[in-house]
Every structure is written in C-alpha cells, then in structure tokens.
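Student: Sequence:
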Amino acid sequence: MSPPPYSRRNKKTKDLSYYLNGLADSNTFVLAEAITIIESTREDHKMMASTILSALFEQKTTKKSVRIAITGSPGAGKSTFIDYFGCTLLNMGHKVAVLSIDPSSTGSGGSILGDKTRMEQLSVSRNAYIRPTASGDLLGGIAAHTKETILLCEAAGFDRIIIETVGIGQNEAEVFYITDINLFLLQPGAGDDLQGIKRGVLENIDIAIVNKSDGDMKFLANETARHYTQSLAFFRHPLQNWHIPVHQISSVEKSGVEKVIQSLEYFEKESKKQGLFYNKRKEQELKWFEKQIPSLFWEWVLTHTSFKESVDNLQKDMINKQLNGVLAIRLYKKLIETFDWSNSFKKQP
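One gets this note's numbering by counting positions in the sequence shown from 1 and adding 6 to each.
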C-alpha cells in the first residue's frame with residue numbers, strides 16, 4: 007500500500023505544489039514542514055521559502071484571520087489561559103493556531119519549549135495547531151520568523167492566530183507590529199508593578215485580563231482589576247470610544263472567558279468599521295520591513311570576503327587586547343566610510 011501524500015515516508019520531491027496543496031488541505035504535517043523551511047538557513051530552503059510566500063501572497067489567504075497577541079510577565083498563566091481561551095474559540099467553530107515563543111538561553115542558545123505541555127486540551131484538537139519556537143537573539147518577545155509563520159498558518163485555514171510572547175516586560179512591544187488585537191494578562195497583585203511594566207506595553211494593549219481570579223486570590227484579583235481600570239483610563243486608545251476593558255477570569259475554574267471574547271469580537275468589528283484594522287496592517291508591513299533591513303544588510307555585507315576579513319581582524323585585536331570595544335566601534339565606522347564598496351561588489355566571492 008502506498009504511503010499517504012503527506013507523510014515522513016513519502017520521498018517524493020517536495021516542490022511548490024506540494025506545500026501549496028498541503029496548506030490548502032489544512033495538513034498540519036505540511037504546515038510544520040513549511041515552517042521549518044522558512045526558519046532554515048540553507049540557501050535552497052531560503053529560495054523555496056521565498057517562492058512559497060510569494061505564491062501565498064498571490065492567493066490572498068489572510069483576509070479572514072485575526073492575529074491575537076497574548077503578553078504578560080512570567081507567572082501570569084499565559085499558557086493555561088490560552089488552553090482555556092483556545093478551546094472556547096474551537097467550540098465557537100474557529101480554527102486556532104498558537105505560536106508560542108520561549109526564551110533562549112544566553113549561554114547555550116537552547117530553549118525548553120515546554121508551553122505546549124501546559125495546553126493539554128488544545129494540543130489534542132484536530133482544529134488546533136501549536137508551534138513552540140525559541141526566541142533566539144531577537145528581542146521583543148517573538149522569534150525571527152514569527153510573521154512568516156503567521157502567513158503559513160493562515161494559508162492552512164487557521165482563522166485565529168495566537169502569539170504567546172516570551173514574557174519579558176517592556177521588550178514584548180515588538181509583537182504589536184504583527185498582530186491585530188493585543189491581550190495583556192495579569193496576575194493578582196500586579197497592580198504594584200505598574201511602573202515596572204512601562205508604557206511600551208501598556209500603551210499598546212487593547213484588552214486587559216486579570217487571571218487566577220479564584221479561591222484565596224479572588225480579593226486580590228478584584229483589587230488588581232480596580233487598580234488597572236483606573237490606570238488604563240489615562241491612556242488614549244486609537245480606536246474611537248474604546249475604553250480598555252479589564253476582565254477577571256479563572257483558567258482553573260473555567261470562568262470569565264466569555265466576556266473576554268465578547269470584547270475581542272466587538273473590538274474587531276469596530277476596528278474594521280472605523281478602518282483601523284486594515285490601516286494598522288498596512289502600517290505594520292512598512293514597520294516590519296524597516297526593522298528587517300539592518301540585520302539583512304549586515305548578513306549581506308558579510309558575504310563580501312574582504313570586508314568580513316577586516317571585521318575579523320578588529321575582533322582578533324580585541325581578543326589580543328590591542329583594542330577595546332569602544333575603539334573597535336570607532337574603527338568599524340571608519341571602515342564602513344572608507345571601504346571600496348563599488349569594487350567589492352564587482353568581485354563577488
């Protein structure tokens with residue numbers, strides 16, 4: 007008996023049609039393969055990734071989706087909430103993809119990727135897909151290819167894309183450049199940490215949620231919700247007449263999420279009605295493009311052997327204590343200004 011068209015045993019050459027047909031069929035195995043291609047640094051994979059993304063752009067697969075950021079400090083219960091929230095969305099007929107970003111070790115570069123284990127119900131559903139990803143060196147609470155992964159999930163038919171950020175406070179603001187609605191998850195007692203959370207996150211949230219509002223924490227959760235309701239009243243939201251709601255929920259007792267979804271649906275409806283939804287996406291495309299240029303330019307520059315050798319020599323001088331970091335940067339700036347770029351480009355390695 008021949009293997010199914012999408013399986014590990016299928017050794018057929020995986021061309022563009024393989025990925026496009028697999029995504030159109032909502033096949034999560036092909037989706038996982040396509041994401042791996044997007045994340046790969048191999049040159050042939052980079053070419054295939056560009057081909058896939060270009061084809062998906064022509065198909066216009068993103069119109070019916072809503073991209074939801076869930077951010078908050080470690081310990082707020084983001085993964086447990088997503089399990090509860092995601093299953094509720096499934097029961098409403100949605101297809102849910104979760105992109106869970108885990109912090110990478112600054113030493114080994116590794117990551118635990120354990121969030122999926124805390125989404126016990128969501129992870130076994132046929133209409134849900136969970137992709138844990140290490141954040142790598144990228145700041146902002148997301149991973150390097152989160153935006154591209156969102157596009158692949160949308161092409162596979164997932165209409166609710168949830169991005170669970172690392173949980174690192176102010177740096178999480180980067181996720182706001184790739185999402186439509188931002189949910190900010192708090193734990194009881196977080197009101198005293200208002201100054202520590204910073205405006206970078208608070209001024210971009212659309213809905214606030216106090217989790218763990220149950221048992222002995224109920225009173226403290228009430229106080230936290232009251233504190234944030236007062237504080238968020240000072241922030242002017244870009245959506246007209248939108249006052250950031252503060253909901254209390256219990257992921258353990260399975261209560262409160264209905265009001266969160268009501269706020270989310272109303273926000274989506276009003277933001278589309280006012281034109282904010284699609285205008286925001288247009289602005290995000292430009293901002294994302296601008297933010298990618300420095301790293302891509304640096305990657306491209308280092309393909310020129312002579313320039314890379316000059317940079318390597320600066321690093322060697324630092325190792326040999328002939329330069330410190332401050333002097334090396336000054337010499338690097340001078341190197342950029344005086345380097346013969348035109349001649350270098352003519353002699354590609």
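Any given hint might turn out to be false.
[Stated by the list, open to error] Below, a list of computed lysine-lysine pairs in the DSS-like style, where the Cα atoms sit at most 27 angstroms apart:
(1) K66 with K314
(2) K153 with K70
(3) K101 with K153
(4) K153 with K278
(5) K314 with K52
[As the list claims (entries may be wrong)] Okay, the calculated beta carbon distance ranges per label pair:
(6) I342 with N133: 32 to 40 angstroms
(7) N133 with I299: 48 to 56 angstroms
(8) F35 with T94: 40 to 48 angstroms
(9) P300 with D50: 23 to 31 angstroms
(10) Y284 with K314: 18 to 26 angstroms
(11) T311 with Q127: 52 to 60 angstroms
(12) S23 with L341: 44 to 52 angstroms
(13) N228 with E64: 19 to 27 angstroms
(14) R242 with M98: 55 to 63 angstroms
(15) K314 with R132: 44 to 52 angstroms
(16) D50 with W306: 48 to 56 angstroms
The hints are simulated quantities; they were obtained by calculation from the structure and are not laboratory data.
Where is the CB? At the ideal position from N, CA and C, for every residue including glycine.
Student: Which of the listed hints are broken here?
Tutor: Per hint list: 1, 6, 7, 8, 10, 13, 14 and 16 violated.
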